[in-house]
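Q: Going down the list, the sequences are from chains Z and U.
Taking our numbering as reference, the numbering of the first sequence is continuous, increasing by one, and the terminal residue is 174.
Taking our numbering as reference, the numbering of the second sequence is continuous, increasing by one, and the terminal residue is 155.
Some hints could be false.
Label pairs and their computed distance ranges (CB to CB) [claimed, not checked]: (1) U:I17 <-> Z:M32: 38 to 44 Å; (2) U:Q58 <-> Z:I66: 42 to 48 Å; (3) U:N93 <-> Z:F103: 17 to 23 Å.
Simulated from the structure, these hints should not be mistaken for lab results.
We treat Cβ as the ideally placed atom computed from N, Cα and C, and that holds for glycine.
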Amino acid sequence: MIRLLVSFVSGLFFGVGLLISGMTDTAKVQGWLDILGQWDPTLAFVMGGAIIPMVAAWAITAKQAPLFDLHFSMPSNKTIDFKLLAGSVLFGMGWALAGLCPGPAIAALGFGGTGIILFFVSMVIGMILTKPIRMGSISTADG
Amino acid sequence: MIIDWIYGLVGGLLIGLGGLILLIFNGRIMGASGILGQLIDGKQDTENLERILFLIGVIAAPLIILQFSDFSTTNVTSNTIQLVLAGLLVGAGTRIANGCTSGHGVCGISRLSLRGLFATAIYIAAGALTMVTLRTFWGLI
């Protein structure tokens with residue numbers, strides 16, 4: 032039960048952060064990638080800000096187990112393989128095309144209108160379509 | 015401009031706090047594509063309700079904030095083909111790569127994961143190259 036509350040509160044922080052940081056604004060995200068145009072460095076501040084608490088979190092994990100589980104669920108795949116490369120290339124292309132990655136697309140579902148919903152549904156279909164490709168590989172997610 | 019950077023930094027800290035909470039309490043990595051993707055896959059474990067509650071939190075939080083402020087602009091394109099293609103690419107790519115901006119980016123980089131660092135470098139490079147091609151050269155988006 033407490034784990035459900037933690038998940039919900041974590042989601043709240045994530046959602047508020049995505050909104051306030053401007054990451055649900057596709058123009059800002061596309062601006063970050065628009066290196067030969069009107070480059071917008073905001074995403075670097077978001078990433079930098081997000082990494083600070085996470086560095087502390089990883090330091091804590093080195094000393095103790097999670098409070099509401101026996102162990103940390105960590106990605107077991109440590110190799111840089113073709114899937115990591117190819118998947119990241121495809122993701123980057125889509126990211127530029129609409130200015131949305133999964134987190135902000137979810138966060139904007141409630142207020143972003145039909146465009147966000149259309150992107151989200153397409154993203155879900157993209158996820159489903161790759162299931163055969165992912166089968167048989169190490170399925171523990173990095174994130 | 016600078017105010018955007020400050021909002022970016024503050025928002026980023028909140029994103030990181032969300033990741034911290036999920037990690038040190040539940041022992042799970044906060045990755046948006048992984049949480050949504052495992053739910054869609056119908057992963058056979060006891061954590062699907064946790065995933066659902068996380069996602070509800072992500073959707074609900076902005077709606078609450080927007081009662082008091084107006085951060086609401088998404089500027090999302092109205093071009094259907096562009097949105098569908100982008101969605102398919104993001105969905106497929108993040109699941110094949112096993113992570114996105116939150117999992118590989120925020121959580122991976124902060125623990126100096128080689129996979130996280132590599133993936134982040136690649137999707138930013140691919141995104142920038144796509145942007146230069148479609149906007150700078152062809153003026154399409």
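Q: Evaluate each hint against the coordinates.
A: Comparing the hints with the structure gives:
1. Roughly 41 Å separates the CB atoms of U:I17 and Z:M32, a value that falls within the hinted 38 to 44 Å.
2. A hinted range of 42 to 48 Å holds for the C-beta pair U:Q58 and Z:I66, which are about 43 Å apart.
3. Evaluation of the 17 to 23 Å hint for U:N93 and Z:F103 yields a failure: the beta carbon distance comes to about 42 Å.
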